[in-house]
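Asks: Now for the letters of each chain:
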Amino acid sequence: MKFIALAVAFFAVLITAGYVFASGEPPAAGPTAANSAMPWWAWPLILFIVTFFMGIVAVLGGVGGGVLFVPIIGGFFPFHIDFVRGAGLLVALAGALAAGPGLLKKGMADLRLAIPVAVIASSCAIVGAMIGLALPAKTVNIALGGTILGIVGIMLLAKKSEYPDVPKADNLSTVLRITGVYHEVSTGQDINWKIHRTPQGLATFIVIGIMAGMFGLGAGWANVPVLNLMMGAPLKVSVATSKFLLSITDTSAAWIYVNNGAVLPMMVVPSIIGIMLGSIVGVRILAKTKPAAVRYIVIAMLLFAGSRAMLKGLAIWN
Amino acid sequence: MDKKVMATEEQLAYAKLLDSGMKTGLLILIVTFAVYMSAVLTPHVPLEELPNYWKMPVHKYLAAADIHPGWAWLGMVGKGDFLNFIGIAFLAGVTIPCYIRIIPILFAKKDTTYGVLAIIEVLVLALAASGILKAGGH
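One line per chain: the protein sequences are A and B, in this order.
Read left to right, the first sequence gives residues 1 to 318 (our numbering).
Read left to right, the second sequence gives residues 1 to 138 (our numbering).
It is possible that part of the hints are untrue.
[As the list claims (entries may be wrong)] So these bits of chain B aren't anywhere near chain A, every CB distance computed over 12 Å:
id : residue
1  : Gly-75
2  : Gly-78
3  : Pro-104
4  : Ala-108
[Unchecked claim] Partial list, derived from the structure: chain B residues whose beta carbon lies under 7 Å from chain A:
id : residue
5  : Gln-11
6  : Asp-19
7  : Trp-54
8  : Lys-55
9  : Met-56
10 : Val-58
11 : Leu-62
12 : Ala-63
13 : Gly-70
14 : Ala-72
15 : Met-76
16 : Thr-112
17 : Tyr-114
[Claimed, not checked] Here are a few chain A residues that face chain B, going by a calculated C-beta distance under 10 Å:
id : residue
18 : Trp-43
19 : Ile-46
20 : Leu-90
21 : Leu-111
22 : Ala-118
23 : Val-119
24 : Ser-122
25 : Leu-133
26 : Ala-143
27 : Gly-146
28 : Val-175
29 : Thr-251
30 : Asn-260
31 : Gly-261
32 : Pro-265
33 : Val-268
It is worth saying that the hints were derived from the structure and are not from the lab.
The C-beta atom is built at its ideal place from N, Cα and C for all residues, glycine as well.
Model the full assembly from the supplied sequences, consistent with the hints where possible.
Replies: Laid out in structure tokens, this is it:
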């Protein structure tokens, strides 16, 4: 924990120091942003602090960082939604890349389940990213707001099934040999699993991929219900495979944003470092607490941020 | 035993490469950002002018800051801000070698379907990374 505190302090100092090095003058006399009383370095610093707490809340609330990042940063920071989505994808990507190796090594994330899904989702994420960058900001905000409010609905209504009942594997999953065994530490059991409704599940990932690329949200909120409830993968396998999937889906979409110039390092790096450090702290807090209430705080935050995005798009609340 | 209790060979190979690639990418990202903040290398867009640009739509930002999209940043890595794109591109690209790593393993196991799917994924990601695909401005 001391390391985290030091890292947070170091990074905050780094951003503040950037101002001093850049201007050669004390901060009090420094240049300010056009139409803003804030010095330029204040926003990246606030971004770092906010994403740090976002990382904690995301872990406790059981959601990915990307789904919080885009509506909240897009709604309450001065950054254009193009750059927010680019940064959101890279934040979600970095989190997925960090989690991926451990989940794969433990056999929680399943490469055999992920590969066919990833081909579809990553191809469609490219299309989504291109559509998203071509749309006007107000259209993106309205659609983003609607999507976030839809996610709130999914979080409130969708049930989860620890071990879904899959009476018979479907033909496609049988041909692809998508089946496995994972070790459930809490019970000491080896859980055999198989999936069904594979064609329907794969078709759903067309929509998920497009939305992931279009809004830069990550897609865990959609991946998990489809893998778990529709296709019948056990909950832990679904969550782990979803997290790993993001490392592939968000890669393809992120490249579109990078190659079209919608990535600002001053936004991306503080966000990635902030949310990763926050996630580490969040995992430690999670081990000591039962954060049932946090999930409702996350839902309330998303409800507020989603409404804000929609009202911003409709020019009701600018 | 015909089912996998442990992670498969290709899954472990993928995980190992992803682990080292992710750590290297994050390290590059932090180091290059420290260089950016220390102003050792002059940025293309002065730091104090950033607020004028980050509120613009991307196509206006590119025109106003005289930045060419795609891989043009490679010619500008001597600038503090564009130096950061080394780490960003590394993280965005690390999945491609992971897939390339497992292709021979899959074919050696005569898992042709997954070998082909892995090749398709490499092509999809390479297409995304190529810079060929341009989004229209708005």
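Asks: Does each hint hold? Answer for all of them.
Replies: Structure-based check of all given hints:
The claim that Gly-75 (chain B) is not at the interface with chain A holds, since no C-beta of that chain comes within 12 Å of its own (minimum 14 Å). Chain A leaves Gly-78 (chain B) outside its interface by the beta-carbon criterion, the shortest separation being 15 Å against a cut-off of 12 Å. With a closest Cβ-Cβ approach of about 15 Å to chain A, Pro-104 (chain B) is found to remain outside the 12 Å limit, as its non-interface label requires. Here Ala-108 (chain B) stays apart from chain A, with its beta-carbon at least about 16 Å from theirs, past the 12 Å limit.
Because the smallest distance between the Cβ of Gln-11 (chain B) and any Cβ of chain A comes to about 4 Å, under 7 Å, the interface hint for this residue holds. A least Cβ separation of about 4 Å between Asp-19 (chain B) and chain A falls short of the 7 Å threshold, and the interface hint therefore holds. Hint status for Trp-54 (chain B): holds, given a least beta-carbon distance of 5 Å to chain A, under 7 Å. Because the closest C-beta pair between Lys-55 (chain B) and chain A is about 5 Å apart, less than 7 Å, the hint holds.
With its C-beta approaching chain A no nearer than about 6 Å, Met-56 (chain B) sits inside the 7 Å limit, and its interface hint holds. Nearest Cβ of chain A to the Cβ of Val-58 (chain B): about 4 Å, under the 7 Å cut. The hint holds. Using the Cβ-Cβ criterion of 7 Å, the hint placing Leu-62 (chain B) at the interface with chain A is satisfied: the shortest such distance is roughly 5 Å. Below 7 Å, beta-carbon pairs count as interface contacts, and Ala-63 (chain B) has none with chain A, the closest being about 10 Å; its hint is therefore violated.
With 7 Å as the threshold, the beta carbon of Gly-70 (chain B) comes within range of chain A, its nearest partner Cβ sitting at about 5 Å, so the hint holds. For Ala-72 (chain B), the shortest C-beta to C-beta distance to chain A is roughly 9 Å, which exceeds 7 Å, and the interface hint is violated. Checking Met-76 (chain B) against chain A by beta carbon gives a least distance of about 12 Å; that is not within 7 Å, so the hint is violated. This hint is violated: Thr-112 (chain B) has a C-beta 12 Å from the nearest C-beta of chain A, more than the 7 Å allowed.
Given hint, Tyr-114 (chain B) at the interface with chain A, holds; its Cβ is 6 Å from that chain's nearest Cβ, closer than 7 Å. Look at Trp-43 (chain A): its Cβ gets to within about 7 Å of chain B, closer than 10 Å, so that hint holds up. Using the Cβ-Cβ criterion of 10 Å, the hint placing Ile-46 (chain A) at the interface with chain B is not satisfied: the shortest such distance is roughly 13 Å. Interface hint at Leu-90 (chain A): satisfied, since its Cβ lies 7 Å from the closest Cβ of chain B, which is below the 10 Å cut-off.
The beta carbon of Leu-111 (chain A) is positioned within 10 Å of a beta carbon in chain B (closest approach about 4 Å), and the interface hint is therefore held. Checking Ala-118 (chain A) against chain B: minimum C-beta separation of about 6 Å stays under 10 Å; hint holds. A least Cβ separation of about 5 Å between Val-119 (chain A) and chain B falls short of the 10 Å threshold, and the interface hint therefore holds. With 10 Å as the threshold, the beta carbon of Ser-122 (chain A) comes within range of chain B, its nearest partner Cβ sitting at about 5 Å, so the hint holds.
Among the interface hints, the one on Leu-133 (chain A) holds; its C-beta lies about 3 Å from the nearest C-beta in chain B, closer than the 10 Å criterion. With a least beta-carbon distance of about 13 Å to chain B, the hint placing Ala-143 (chain A) at the interface is violated under the 10 Å criterion. Taken as an interface hint, Gly-146 (chain A) does not check out: its beta carbon lies about 18 Å from the nearest beta carbon of chain B, beyond 10 Å. Residue-level restraint check for Val-175 (chain A) holds (minimum Cβ-Cβ distance to chain B is 8 Å; threshold 10 Å).
Because the closest C-beta pair between Thr-251 (chain A) and chain B is about 5 Å apart, less than 10 Å, the hint holds. The interface hint given for Asn-260 (chain A) is met, as the beta carbon of that residue sits about 5 Å from the closest beta carbon of chain B, less than 10 Å. Among the interface hints, the one on Gly-261 (chain A) holds; its C-beta lies about 4 Å from the nearest C-beta in chain B, closer than the 10 Å criterion. Interface restraint check: Pro-265 (chain A) against chain B, minimum CB-CB distance 4 Å, threshold 10 Å, status holds.
For Val-268 (chain A), the suggested interface contact is upheld, since its CB lies about 6 Å from the closest CB of chain B, less than 10 Å.
In terms of the numbered hints stated before, the structure departs from hints 12, 14, 15, 16, 19, 26 and 27, listed from lowest to highest.
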